[in-house]
Amino acid sequence: MKPETRRILFSLAVLVWSGVLLYFHASGRITKYLAPDFRPIAFAGGLGLAVLGLFNLLTARQSADCGHDHGDDGSSHDHETSDVHPLAALAVMVLPVALSVAWTKDEYSSAALSRKGLYDSPSNAAPFLASAMPPLTREEIEKSHRRTPDGFYEFSLMELFYATGDRELQSAIEGMKVETEGRWIEEKTRNPDGTRKRLYRLFITCCAADSRAIPIVLEFGKTPPAFPENSWVKVAGTMRFPLEDGVLQPLLVVEKALAAEPPFEESFLRN
Amino acid sequence: MTAPSARALLAAMSPDSQQDFALAFLSILFEGAPFILLGTLISGFIDIYLPAGTMDRFLPRNRNLAVFAAGLLGAVFPVCECAVVPVIRRLVHKGLPVSCALTYMLAAPIVNPITALSTWKAFQGQNAAMMTGSRLLLGYLIAVAVGLIVSRLPLASVLKPRLLETLAEPPANEGHRHQACRHDHGECGGHGHSHDHGGDGRLVAAFRSAMKDFIDVGVYFSIGVSITALFNTGIAPGARWLDGLAGNPAGAPVALMALAFVLSLCSTSDAFIAATLDKFSWGAKLAFLTFGPMMDVKLVFLYQTVMRKRFILLLALGLFLAIGGITVFWQQLVFQAK
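Those protein sequence lines, which keep their order, are chains X and Y. Numbers in my numbering are just positions in the first sequence, counted from 1, shifted up by 80. Numbers in my numbering are just positions in the second sequence, counted from 1, shifted up by 274.
In short, the hints are calculated from the structure, not lab data. Hints are all accurate, no fakes.
Taking lysine to any residue pairs in the SDA-like style, the calculated list, with each CA pair at most 25 Å apart, reads:
hint, chain 1, residue 1, chain 2, residue 2
1, X, Lys82, Y, Phe319
2, X, Lys112, X, Phe344
3, X, Lys268, Y, Met287
All chains, please: the whole structure from these sequences, using the hints.
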C-alpha cells in the first residue's frame, strides 16, 4: 500500500475517534459516561485527535525528512510502518466504535445492573461507600436534611442504602418519614405477593464501566403503581430495615410515588 | 478471539447485551483515548527529535548503578512498551549495555509520568495513591532485578545472534561531532550527513510517527476494551468463571496476568481497564498492571526482534512467578491492612 493511502486511512481512524468524543461532549451525553473531572480531559483528547488526524490528512502527500537516515541494519527503526495492515487497523478501530454509537441507549439493561450490584446485599457494599458517610445522630440528620411541606425529610438514595451497613445510623433513620428519588425497576427477590419494587441509582467512580448500582426496596402493601422500567420516580414513606432471610434490607414503606424529572447528574459521583 | 467466534458472539448478542456492551465500551474508550494520545504524541516527538545517544549520558559508569539508573530513565524519556522495543534495539546496537537496555525496556512503560498520571486518574476513589505508588515501585524493582540478572549472563544467551554480531563491530560514525553544529549525531548507525536541523519536515515526521504509534496502540486498545466490555457486562462466555476466580487469593492475580497477556494493552491506558474489574482485589489488579506492560502477546513478537526465544520464555516465566508471588504478598501486607 502506498504511504499516502496508509496515512489517509490512519488519519480517518483518528478522526472518527475524535468525532465521536467531540459529538458526545457537545451533545451533553458524555455525562452518562464519565465522571465530571474526566469530561474536560475527554474534550481536550477529542480536540487533540482532531489536530493529529487533520494535520496528517492535509500533509499526507508531503515528503518529510526525520532528520536522520535509518542505517543499514534493516532494523525496525521506521517512523510510519505499523504492526497491523492499515485496512485491518481502520476496521478494528472504527467498527466497535461505530457499532457502540449505534447500539448505545446511554444506560444499562437490568441484566447488566444485576451484575453491578442491583440485587446484592447492601452490607457488602458498605466499605465502598465509606467516604459518603453522613452524620450519625438523629438531630444532626434532621438538621442536615430539608423537610418537605408534607413532613418528609429529603434523603439521597445513597444515604438510605448506606444506613443498612451502619447500626447507629440505621437506628436513627428507622421509622423516619423520608422522601427520595431514583430509577424504578422490578423487585426480583423476596417479592411473593408482587407488592414490591426497587429504586436505584448508579454510583460512578470514573466511568460508566466501573459504576455500581445503589438500590433500596419499595414496599407498597398492594399492587404498585405502573411506571416505565428505568424511569425516574420520587417516592415518600417510612424507612424500615427488616431482617429478611438473614439479610438486612433498606425498605421504604411507600405512601406516595410520583413520576419525576431526571436530575442533572443522574448518577452519584465520587465527591 | 477468532473472526468466526467474534461473528458468532455478535449474532448471539441480544439488544440488551448490545446496549450494555456499547455503554461500557464507549465509557472506557472516552476515558483512555486522551491518555493514549498524550503518550503517543510524546513518544512520536522523542522518536524524531531526541538523539539516542542522549540516554547514555544519564547512566553512571558502575555496572550495577547503571542498571538502577536505567530503571528510572522512563521518567525522563517516557515511552510505552510498543515504542520502547525499537528504541532499545537501536540503543543496544549503539553500545548501551544490554542489562541497562533491558531494564529500561521493562521499567519505562511503567515508571514514567504518563502512566503514573493515568493510573492515578483511573483509580480515583479507589486508593489511587497507594495503587500508583505500588505500581511504580514494583515495576521498577522487577525491571532492576531482571537487569542485574542479565548483567551476569553471557550476551549470547540473551541477544539474537544477528544483533550480537553487530555488537562486535563499532557502528559507523558513532557519536561523531560536527564542528559546524557542535552537537552529537550518534543516534543512527551509519548515518551520513543527510539530516536537516528542524523545520516543517521534522514536524510532519513527528506527527506521522505519533499517528503511527496511536494506531498501533489504538488497535490493541480497541480490542482490549471490546473484550473488557464483554466481561464487564457479563456478556462474554467465561465471565462468571473469571468472577469466580476473583475471590481466590492466588487465582485472582494469575487470572488477571493471563488476561493482561492476552489483551496486550498499552501501559498508558491499561489502568482504566483494571479499575473496572471491581470484583478483583487490589493485589490482583496490581499484578495486571505490572505484568501486562512487561509481557503480552504483542511484546512476545516485538521481543523476538532483540532477544532469543529461549530467553523470552524464561523471562515470561520469571516475571509471571515473581509478580504473582509479590502481589499475593503485597495484598496481604499492604492492601488488606488498609
